[in-house]
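Next come the chains, spelled out residue by residue.
Protein chains: 2
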Amino acid sequence: MPMPPDPLDPAWNERLTEAMLAVLGRASDGPHPDLDRFVELQRDYPRRGGKHLRGRLVLAATAAFGGDPSDAVPVAAALELFQNWVLVHDDVEDDSEERRGAPALHRQVGIPLAVNVGDAMHVAMWRLLIDSDRPWRDAVLREFLTTIRTTAEGQHLDLSWVHEGRFGVGRDAYLGMVDRKTATYTVVAPLRLGAWIAGGEPPPTLTPAGLARGRAFQVRDDVLNLLPDAGGGYGKEFAGDLYEGKRTLVLAIAFERLTPGDADRLRTVLDHPRDRIGRERVEEALRLIRSCGAIEEAQRFAEHSAEQGLERLREALRDAPGRDAVAAIERLVEDLASRAR
Amino acid sequence: MPMPPDPLDPAWNERLTEAMLAVLGRASDGPHPDLDRFVELQRDYPRRGGKHLRGRLVLAATAAFGGDPSDAVPVAAALELFQNWVLVHDDVEDDSEERRGAPALHRQVGIPLAVNVGDAMHVAMWRLLIDSDRPWRDAVLREFLTTIRTTAEGQHLDLSWVHEGRFGVGRDAYLGMVDRKTATYTVVAPLRLGAWIAGGEPPPTLTPAGLARGRAFQVRDDVLNLLPDAGGGYGKEFAGDLYEGKRTLVLAIAFERLTPGDADRLRTVLDHPRDRIGRERVEEALRLIRSCGAIEEAQRFAEHSAEQGLERLREALRDAPGRDAVAAIERLVEDLASRAR
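Chains Z and U, in that order, give the protein sequences. The numbering used here puts the first sequence at residues 360 to 700. The numbering used here puts the second sequence at residues 360 to 700.
Since the hints were derived computationally from the structure, they do not count as laboratory data. Wrong hints could be hidden among the right ones.
[Stated by the list, open to error] Label-pair restraints from in silico Cβ distances:
{"no.": "1", "chain 1": "U", "residue 1": "Asp497", "chain 2": "Z", "residue 2": "Gln667", "range": "54 to 62 Å"}
{"no.": "2", "chain 1": "Z", "residue 1": "Arg677", "chain 2": "U", "residue 2": "Pro494", "range": "39 to 47 Å"}
{"no.": "3", "chain 1": "U", "residue 1": "Asp497", "chain 2": "Z", "residue 2": "Pro369", "range": "31 to 39 Å"}
{"no.": "4", "chain 1": "U", "residue 1": "Arg530", "chain 2": "Z", "residue 2": "Pro369", "range": "47 to 55 Å"}
{"no.": "5", "chain 1": "U", "residue 1": "Arg459", "chain 2": "Z", "residue 2": "Glu615", "range": "26 to 34 Å"}
{"no.": "6", "chain 1": "U", "residue 1": "Asp694", "chain 2": "Z", "residue 2": "Arg501", "range": "44 to 52 Å"}
{"no.": "7", "chain 1": "Z", "residue 1": "Gly529", "chain 2": "U", "residue 2": "Arg530", "range": "54 to 62 Å"}
[Said to hold, decoys possible] Heads up, simulated SDA-like pairs for lysine to any residue below, C-alpha to C-alpha not over 20 Å straight-line:
{"no.": "8", "chain 1": "U", "residue 1": "Lys605", "chain 2": "Z", "residue 2": "Asp393"}
{"no.": "9", "chain 1": "Z", "residue 1": "Lys605", "chain 2": "U", "residue 2": "Ile470"}
{"no.": "10", "chain 1": "U", "residue 1": "Lys605", "chain 2": "Z", "residue 2": "Lys605"}
Computed from a predicted model, the values in this text were never measured in an experiment. Glycine included, each C-beta is placed from N, C-alpha and C at the ideal position.
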């Protein structure tokens, strides 16, 4: 089907969803009610919508570097599928309640089935890439290897801090975790993938540009999570990060700014598992965090990082031939930093 | 390093372990105590030993079909790594206590870290294969795609029966699950991979031969789990399958053979979660199962399936040029069906 040239056109969203649903449904050997259900569970998160910002960033980057975005569909869909299986496992790991406005998968079917569903989605992601016969396949496969490994490293840092009850990790350690866990697969990888698909080599300056935009995205997300009126389109529960004991830049700043007594109190309050922390403790934590201006400072950091990232991005894409697509990239990363997952 | 021609030589075991540990350690960007720990966690299960029967089956099959087993090392190591990440996730999914004589990973570090460690091992498995530049790479990648998907389907069947409290699944449904969950990656895939590496196409008769041997392996495992004196080298807790409420051929037979009253009683007893079933209920279940001769019948099934599989295997390998390696395959599948994981 002929596709519109603009990667921001909603028709691309449908095409990416279709590509994901198709690969998740393949390879079943005849009707089998239990296995049909298995396919449906794998399709659950991809069906819940989402803006496919990462996938569309792949399409836009491909066009910016002079390639054909239709060529990039399997790769963009694979990156979206990566996001989806990671979310299934993340929701288990964080014991999240909701995902995109509905209960998290493991809250519907239990941890065992959900972990296995995520594994099946993971292998389907590789199928999308391996089934390609394009000249860029090898470079793309290697980009995915690095991206997934890096993301798992970031997730390990985040989870192990929670596991060990370490709150005062400091801004640099926190941002190093964000670079790995979020910024790499959200911004750096899509841009680099576009360059490979267009037949070139990603300019090295893309990486710092993407990391700065990725940090802005995550920190903005941290901030949004603590604004009660963010609700609606945001799709995550208010203050869920506090219920889950997640490290955020807001917390790193609060621990720097609070008096030792208040910092101790915040640590004590947050050091409860999700099922025992309760609303009152979360509200006390919120009061302490608000009292020291940590939310505002994190917001300023996000804005600065977003601006810096945009400047670097323009520089990195200065000679890219697809100027309309460069503008689309800027709009997409703007969307990322100002909106949600 | 020059390797002995015999895939049964213990030197191959070390080489496969080394290949696994090497890929799990790669791609870290400088010293980082938390990430060094992440690598160690990924190396935990591969370091716990094991006989690498599946990996050595790949080596032997390669030699049998006329190839060089040294060529097959990354593939054999990848298949072992597959087994290892699947075990990390399986242990979470079954809430197993032990693995190879030590506590299961999630019992040491919690479910969140363990799930993520398994994901990192999964991507390292793909790295071993994608990094290869051999002509068989594509065929091998596709074999892994199919094998992992099939294994996840089998795991889904097994887990969803537990989740829904369905005990009377019947022999055929049970064996269909075993074909997917165990027999495919344990016997069929190693044999087929050897054929691809040697440059040929796997003979279609390999699949039924491998499935029959794989069934024998799993059912023997089910039986061993209920023999108190199997202990020692077996490496799994006695009657662990009953504690975990797993479906086995022994149970399928017992539900066919017991009087309706006894079958109801068995169902009631087994329908308790692992942390509440308790030793007395497990002992009652064991008495009921023993009373109807289900263990012996399952054992006879395993022996018959093993014999049938061996016959079919000999037939499938009749024209394979590496006769010594064919003998090694027979010894390895013998080992599989008569011993443990």
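Comparing the hints with the structure gives:
no.: 1; hint: U/Asp497 <-> Z/Gln667: 54 to 62 Å; verdict: 42 Å, violated
no.: 2; hint: Z/Arg677 <-> U/Pro494: 39 to 47 Å; verdict: 41 Å, holds
no.: 3; hint: U/Asp497 <-> Z/Pro369: 31 to 39 Å; verdict: 35 Å, holds
no.: 4; hint: U/Arg530 <-> Z/Pro369: 47 to 55 Å; verdict: 51 Å, holds
no.: 5; hint: U/Arg459 <-> Z/Glu615: 26 to 34 Å; verdict: 45 Å, violated
no.: 6; hint: U/Asp694 <-> Z/Arg501: 44 to 52 Å; verdict: 37 Å, violated
no.: 7; hint: Z/Gly529 <-> U/Arg530: 54 to 62 Å; verdict: 59 Å, holds
no.: 8; hint: U/Lys605 <-> Z/Asp393; verdict: 17 Å, holds
no.: 9; hint: Z/Lys605 <-> U/Ile470; verdict: 16 Å, holds
no.: 10; hint: U/Lys605 <-> Z/Lys605; verdict: 35 Å, violated
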